[in-house]
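So the chains spell out like this:
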Amino acid sequence: MGEVVLSIEGLHKRFGALEATRDVSLDLRAGEIHALIGPNGAGKSTLIAQIAGSLRPDEGRIHLAERDITGLGVAARARLGLGRSFQVSSLAEPLSALRNVMIGAQARAGHSFRFWTPVARDARLVTPARKALERVHLGHRADTPVAALSHGERRQVEVACALVLEPRALLLDEPMAGLGPEGSARLTELLETLKREVPILLIEHDMDAVFRLADRLSVLVDGSVLAHGDSDAIRRDPRVREAYLGD
Amino acid sequence: MTEPPHDTFPVLERSGAPRPWRHRQGLVQLGLLALTLLAPLLAHLLGEAYYVNLATRIVLVAMAGVGLNLALGYGGMISFGHAAYFGVGGYAAGISAYHAFDGSLLMGLPGSDDMLVIWLVALLACGLLALVIGAVSLRTGGVYFIMITLAFAQMVYYFANSWPSYGGQDGLPIYLRNGLPMVDSQDPLSFFLICFALLLLAMAITSRLMASRFGAALTMARLNETRLATAGISPYPIRLTAFVISAMITGLAGALYADLNGFVSPAMLSWHMSGELMVIVILGGVGRLYGPLAGAIVYVLMETLLGGLTEYWQFFLGLVLLGVVLFARQGVIGWLAGGEPHG
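Quick note, the sequences are listed as chains A and B, same order. The first sequence maps to residues 1 to 247 in the working numbering. The second sequence maps to residues 1 to 343 in the working numbering.
By construction, these hints were calculated from the structure, which means they are not laboratory data. Hints should not be assumed to be uniformly reliable.
[As the list claims (entries may be wrong)] Partner residues are not named here, just some residues of chain B that face chain A (Cβ under 10 angstroms, in silico):
1) Leu109
2) Arg208
3) Arg213
4) Leu228
[Unchecked claim] Sample of chain A residues lacking proximity to chain B, with all beta carbon distances greater than 12 angstroms (derived):
5) Val4
6) Asp23
7) Asp58
8) Asp68
9) Gly73
10) His111
11) Leu171
12) Met207
13) Val221
14) Gly229
Glycine included, each C-beta is placed from N, C-alpha and C at the ideal position.
Construct all of the structure, not just a fragment, from the sequences and the given hints.
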């Protein structure tokens with residue numbers, strides 16, 4: 001197995017009496033898809049927020065490529081190579097798909113305190129953004145405002161936004177949600193090739209996709225990791241079946 | 001790869017609207033500029049200095065609006081305190097002229113009646129003030145941001161009101177309009193042309209700025225802050241920079257406004273002034289390059305024409321504003337030219 005790219009050690013997060021994250025430790029290694037599954041309310045979103053930097057953990061450390069990022073904010077983590085997509089699309093609707101992706105290319109291409117050169121013809125922004133959109137099979141929709149895109153297409157734009165960062169690690173929060181069978185098959189295919197370049201921490205409800213894609217799985221229940229292993233081990237684990245798979 | 005359309009005239013607003021609309025928008029924009037330039041020329045030929053000065057007033061409140069529009073329209077920062085910068089710009093002109101007039105020193109420095117020096121002082125003072133106010137205010141959002149910018153502006157207002165050295169609540173007269181090398185600034189038309197040129201410059205800078213990487217980041221900060229941060233760009237420094245530039249443009253307009261009236265008083269710093277600037281931006285079209293100019297024309301003309309007929313002209317202004325907010329969200333410019341706002 002590859003080297004550890006993202007590691008999470010002993011994470012705790014409490015909201016008053018509720019312990020949303022209890023001593024969660026997991027890692028993401030080069031070349032793999034690590035799926036995080038769990039029933040609603042298991043604390044997946046809270047955990048993702050802590051990894052992405054929008055929520056500070058009470059205890060524990062997070063390392064990205066051996067660098068401690070626990071104290072950094074969302075933007076700083078993104079600059080260090082943490083790409084993410086959101087469970088509910090978070091895009092600028094009046095802008096074209098291309099413009100949404102270009103903003104990611106902008107941080108890669110240096111700082112944003114450039115006041116004079118127009119971005120519309122800046123090849124350092126446009127070219128990588130178009131490539132990222134083509135990668136998610138959305139090249140033909142690049143100039144369409146996000147508001148006019150279908151739900152599935154927006155999900156694809158989200159993935160393109162994360163890809164254009166040339167991330168070291170990807171955090172994908174339910175990328176298949178609402179995609180339909182064809183879209184989700186295509187995305188599954190993309191993620192399978194993508195993982196060789198960048199490891200993916202995948203939160204997903206589509207169990208077929210999860211079992212097909214994931215090299216390793218962690219099952220989160222009541223804020224802590226209940227089980228950990230490959231697809232077969234998780235499928236056979238009686239505690240997981242009881243807590244989550246529902247049979 | 002398709003090349004995006006490129007305007008040959010950099011001051012013209014770029015928009016994603018279909019071609020006929022863009023064409024119409026270009027015409028409306030040229031029309032507004034021509035009207036603003038030709039009306040005072042005509043007035044000058046007819047010997048009506050009053051109307052030349054009226055046009056100068058329109059141009060200056062438009063420029064103040066261009067400044068506010070950068071924060072309010074393009075940046076989504078609803079500042080209810082831009083009078084602070086308008087007034088501080090005005091006081092920069094007034095105080096500098098005051099010391100130049102009686103030859104006294106201000107903190108060891110002589111005053112100046114040279115506009116170039118005054119503009120520089122106004123830009124620096126407003127930039128610095130906005131850096132402090134913005135750094136604090138931008139920690140908040142929504143209605144708190146509106147209230148905190150108002151509170152800061154009121155602090156500046158009360159300070160000027162109770163500081164006797166420069167006239168306190170009576171204000172400070174500028175006996176002789178400040179000068180510009182090689183230009184007769186006393187001449188109403190020359191002064192108008194100076195102001196008009198600076199308005200165009202402010203609009204060109206705004207247009208260029210909004211097309212740049214900085215503008216792309218500012219637009220994203222307004223539309224979706226989370227997306228901007230996720231892309232690796234912190235929204236706060238982007239917003240703060242825009243806020244400072246916005247204040248500097250409004251401050252420059254303020255310095256010229258004091259020179260136009262030959263007078264600066266705390267009224268330029270009051271919340272009424274902040275409101276007036278907001279009304280001009282909203283009336284004209286929020287986040288539209290030509291919005292402040294359109295808004296200023298409508299506002300000042302209503303004030304002058306209706307104000308001559310009735311004391312209650314603001315009642316009619318209220319009706320117009322209500323109409324804009326309810327039926328033409330993109331303001332006068334959106335109503336005339338259609339199309340989407342910038343970004």
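Okay, the hints, checked on the actual structure:
1. Leu109: violated, 30 angstroms
2. Arg208: Holds, because the Cβ-Cβ distance from Arg208/B to chain A comes to roughly 6 angstroms (cut-off 10 angstroms).
3. Arg213: holds, 4 angstroms
4. Leu228: Hint holds; Leu228/B Cβ to chain A Cβ min 6 angstroms, cut 10 angstroms.
5. Val4: Non-interface label stands for Val4/A: nearest chain B Cβ at 22 angstroms, farther than 12 angstroms.
6. Asp23: holds, 27 angstroms
7. Asp58: The claim stands: Asp58/A keeps its Cβ more than 12 angstroms from every Cβ of chain B (closest is about 22 angstroms).
8. Asp68: holds, 18 angstroms
9. Gly73: violated, 7 angstroms
10. His111: violated, 8 angstroms
11. Leu171: violated, 10 angstroms
12. Met207: holds, 27 angstroms
13. Val221: holds, 28 angstroms
14. Gly229: holds, 31 angstroms
Violation of the numbered hints given earlier is confined to hints 1, 9, 10, 11; the remaining hints are satisfied by the structure.
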